[in-house]
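Undergrad: Sequence:
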Amino acid sequence: MAFSTLVFILNHGWKVLLYRYLKEGDVDNVNNYLGITLVSCMSKLFTAVLNRRTESFCVDYNFIPGV
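Numbering (the working numbering), first residue to last: 806 to 872.
Please note that a few of the clues may not be correct.
[Stated by the list, open to error] Listed below are the simulated SDA-like cross-link pairs for lysine to any residue, each with C-alpha atoms no more than 25 Å apart in a straight line:
(1) Lys849 - Tyr838
(2) Lys849 - Tyr826
(3) Lys849 - Asp833
(4) Lys849 - Glu829
(5) Lys849 - Leu822
Derived by calculation from the structure, the hints in this document are not laboratory data.
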């Protein structure tokens, strides 16, 4: 079991902690990690809006083929 921590500072000092948990297998393969985030309520709202807009943009401009 391996954890590594990343800290992101978003707009106006909002902190996001991202824990990467190695499930099993090769440490160089990003598909072997499970991401666990700890964020405040406002950060959750911000990331939900950002995710929705990014997803909509990718679908509209066919950035992700097959979706």
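Undergrad: Run every hint past the structure and note whether it holds.
TA: Now the hints, each set against the structure:
no., hint, verdict
1, Lys849 - Tyr838, "21 Å, holds"
2, Lys849 - Tyr826, "20 Å, holds"
3, Lys849 - Asp833, "29 Å, violated"
4, Lys849 - Glu829, "28 Å, violated"
5, Lys849 - Leu822, "12 Å, holds"
When the structure is compared with the earlier hints, violations turn up for hints 3, 4 and for no others.
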